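Same order as they appear, the protein sequences are chains A and B. The C-terminal position of the first sequence is numbered 246 in our numbering, with every residue numbered one higher than the one before it. The C-terminal position of the second sequence is numbered 698 in our numbering, with every residue numbered one higher than the one before it.
FYI, nobody ran anything at the bench for these hints, they're computed from the structure. It cannot be assumed that every hint is accurate.
[Claimed, not checked] Calculated lysine-lysine pairs in the PhoX-like style (CA-CA distance at most 25 Å, straight line): (1) B:466 x A:78; (2) B:572 x A:92; (3) B:434 x A:78; (4) A:78 x B:572; (5) A:78 x A:92; (6) A:27 x B:426.
[As the list claims (entries may be wrong)] The calculated label-pair distances, taken between Cβ atoms and stated as ranges, are: (7) A:42 x B:485: 53 to 59 Å; (8) A:235 x B:450: 27 to 33 Å; (9) A:142 x B:485: 44 to 50 Å; (10) B:570 x A:27: 21 to 27 Å; (11) A:13 x B:611: 32 to 38 Å; (12) B:613 x A:40: 20 to 26 Å; (13) B:643 x A:40: 14 to 20 Å.
Note that the structure is predicted; figures quoted are calculated from it, not measured. Backbone N, C-alpha and C define an ideal beta-carbon position, used for all residues, glycine too.
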Amino acid sequence: MPIVSNPSSQNETPAPIINLENVSVRYRLPSERIGTLKEYTIRLLQRRVRHRDFWAVHDLSLSINRGEVFGIVGDNGAGKSTLLKVISKVLRPTTGRVRIYGKIAPLLELGAGFHPELSGRENVFLNGALLGYSHEEMTAVFDEVVDFSELSEFIDAPIRTYSSGMYARLGFAVATAHQPEILIVDEILSVGDEAFQRKCTDRITGFRENGATVLMVSHNLGLISEMCDRAAWLDHGKLMKIGTAEEVIEMYREGFQ
Amino acid sequence: MVKFQVVNTQTFSDKKKPLYDSAKRVSPAIAEIREIGNYRHLLAQLVRRDILTRYKRSFLGVAWTMLNPLGTMLVMTFVFSNIFKASMPSVPFPVYILSGLVVWNFFAQGTNASMSGLVWGGNLLQRIFVPRTIFAVSAIGTALVNTVIALVPLVIVMLISKATFSWALLFMPVAILLITCFTLGFGLMISSMAAFFPDVMEMYQILLTAWMYLTPIIYPETIIPERFHLVYRLNPMYWFLRVFRAPIVDQALPSLRDFGIASGIAIVMLIVGWLIFTSKSDEYAYRI
Ligand SMILES: Nc1ncnc2c1ncn2[C@@H]1O[C@H](COP(=O)(O)OP(=O)(O)OP(=O)(O)O)[C@@H](O)[C@H]1O
Ligand SMILES: [Mg+2]
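So that you can see chain B by itself, here it is in the shape it has in the complex (with noise of 0.2 Å):
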């Protein structure tokens, strides 16, 4: 029989101090983030394969991440456009439509798959040891690479429609890092739930529809009613659309005070996403 080389790369631990200990306890929110970067290299595994299995199951590939907004934009045109057209502001309507479907995507998409990746790796976290946090973490990751995907289309409609491209626009990846630690942050917060009560995925669905409707991604700003500017101020999404698509829609970069608001509220909610999260760490094998 064939004997087999083992590598042999071990470095032997110092054996007065232990690599874990169960009784010394640094706080988790703290101890998660150092384990994330210990495995960055599982995260990347876990966003490549999310990637590949989703391309190769589906017949369209990657043109069905790019298709898919396209074709609601389009519908949504279609009904919208000449309903909306009166107060439309001055960029052509597909470009309003398909920027705002980009990033209510991308928040919806993220959300879900955090959920979902936690009760898919649930499995796993009773089996071995990873860093509870790395599901959403990784489905974050997978639903920035679709958005990035799904960007292109946005450009394409652009160039069709023939909307001013502005300087403003180099403001984007800031804006999409804004709406990616409050994705995060959510995500972390409702999978956490999740966990511990499945229900909470179906009744998220219908939370997710209601606020689709209440979040101006079909609809200009402008028609909203007075009586209702307070309800759309406190959704978190309105501020991220506006950050998001000032320099699309204005060919200028947000104003300061929608920046400082956005940004507020990312750094808030991947905070207490976070804190929630990893408050429950000990129980997540327990328990799911």
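One chain only, chain A, in its complex shape (with noise of 0.2 Å):
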């Protein structure tokens, strides 16, 4: 597939729509596992709450681009989704500083924001509230949403009843079901079967067509030097290489290797 590039990237200087600035996250990770208030306080008293720090991400400074399509590859526990949670606000880094200049929609993990015991239909609404959308908003889309997904069998059925591949399908189609200005992809691709992922894909393009920022994180090499204009490299939490995606995961392979 060609890479079209924004037209509206092409001529202006490119404007940041994620900024990060010396950015670090830890984790606090009690050295003995303290799960009672009852032994906490005793702890206190006998000052003995003892901490181990961890840095998920290390000093990390980074600037996407509006219109950009940015992959981020890495080993696992290498900080990727920790990166993409300081990024939609989950997390507040520990040091450092985050700026956003739109509306992102984070596409979950597998399942969260799911109510087993609910219908897909019911999930639908449920996973748009989640992203900010009201109940006009997602019934205007339902249908589209159903119909990309393919699962208008199963719609009214617990959700609890669906496979992987199903909940994927369907986090998918209301997380993109309205054009975000911002797009988080946290390795969900992966599950979907070949000819879902092509739709997936498809869709990713078109949108970066109409001027959309989309980050995505995927341990498939080839999709993201298919799909990214740039992307970064993150090891143990700093940032190893960033460039175009061909650079980058040549770097990361040759670094693994």
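With the hints in hand, could you dock these two chains into one complex?
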């Protein structure tokens, strides 16, 4: 598929839509598990509350431009999901600064935000509301969501009866029913079958042509190089390389040989 | 392959002013109020979901919400009506008990649901941005709907036992509003503790049981010995019961003193609970 560059970014200087300055994220792991208030109080009185600090993202600066499709690659535990959480307001960075100049639609991890007992239909509205859409806004796109996910036979069945691919289909269809300004995709595309992956990538390409910004994490390097203008390689929370998708993937491949 | 038309309702944001700036900190308590407003659709969906799942699972559905306090009331009436008969106010005993149970169940269910809501929602809070208080607020919303449903058997029992209906009953929504504020404030406080320490949830059940028996729900106020009066006056639920029951039991508006005290407690609890909960806003996604 040819990579179409976004017409709006050709002439003017690129405007950042996501801006990270020296961002670090620290998780605090209690060195012994303190699970209860009783234990905590005892420990506190003995002054023995100890933490082990773990920096999942370390001093990372990054700027993503409006209209870009940006990929993030890295090993398991490299901090990719953590980085996406900082960008989508889930975690406030421990140090550094995050600035976002647009509305984000995060594509939830598999199954998060679905209620297993409710039908697919009801979950479309619940999930839409999680993304900030009203009942009317979801009604307007409901048929389209069902068509796209190809789940019309199952839409009234409880969602606990769905397969993981069906979860992913419905999740993707809901998150992309309205074109978001910034779409964040964390590793969800790999669950669907090939035909559905094709549909998803087509839709993302369509978004880009309309000027949306897409940020995606994937272990599927082929997909990253096909879809993304630029990419970043993250390793142990540090930014190893940022550049065109090909450059970054090449370096990443060399890196783990 | 069919090409799907994407609904393009997009408006591009201002390129100069960030929608989100992690370095800019408004007071979390105030930011949270704004966020709840932005996410009112989610609030409605969560309440809907809670009510739907509850009524789908249980066989008797809506009827259960009404029968549950009714059953307790019948047992209590059977056991206690003779013991307390002498000291009972003018109102029929079943009406007295049932009105107390409606208030107590609202509080107990509301606070418990806001705790378990945050535990369920914790999973979600780690994956997507939602206002942190939304699970407590929606839990109280659900409890409020259940309470309104539970008012139906109260009215029926009042009709059957030939209790007097007075104009003062129109005051009930105000009383319920005060209890809602208190329950939300208390629910927020207790669920922010439960988010960090799971054992709080179990300890709270013990507290609730003790608290229930220290509140004149199933027994008349008049049997409380003089030396315990101070203890009762320190119990917030005592004041809410007085305010809620006045139109039913005395067929009159609550006294200005009772109303003033109950309003004061409700507003202070709501503010304190909101401040405690939101002061930890940034930590829930890290900790749960
Ligand atoms: N809530 C948490 N508390 C403590 N540590 C965490 C938490 N979440 C993630 N971590 C740690 O942070 C590191 C980065 O995790 P993250 O989920 O960002 O990795 P990732 O790059 O998305 O990996 P994957 O490719 O497997 O999805 C991991 O070492 C993980 O153990
Ligand atoms: Mg991940």
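Hint by hint, here is what the structure shows:
no., hint, in the structure
1, B:466 x A:78, "34 Å, violated"
2, B:572 x A:92, "59 Å, violated"
3, B:434 x A:78, "13 Å, holds"
4, A:78 x B:572, "57 Å, violated"
5, A:78 x A:92, "11 Å, holds"
6, A:27 x B:426, "50 Å, violated"
7, A:42 x B:485: 53 to 59 Å, "55 Å, holds"
8, A:235 x B:450: 27 to 33 Å, "46 Å, violated"
9, A:142 x B:485: 44 to 50 Å, "48 Å, holds"
10, B:570 x A:27: 21 to 27 Å, "48 Å, violated"
11, A:13 x B:611: 32 to 38 Å, "33 Å, holds"
12, B:613 x A:40: 20 to 26 Å, "24 Å, holds"
13, B:643 x A:40: 14 to 20 Å, "43 Å, violated"
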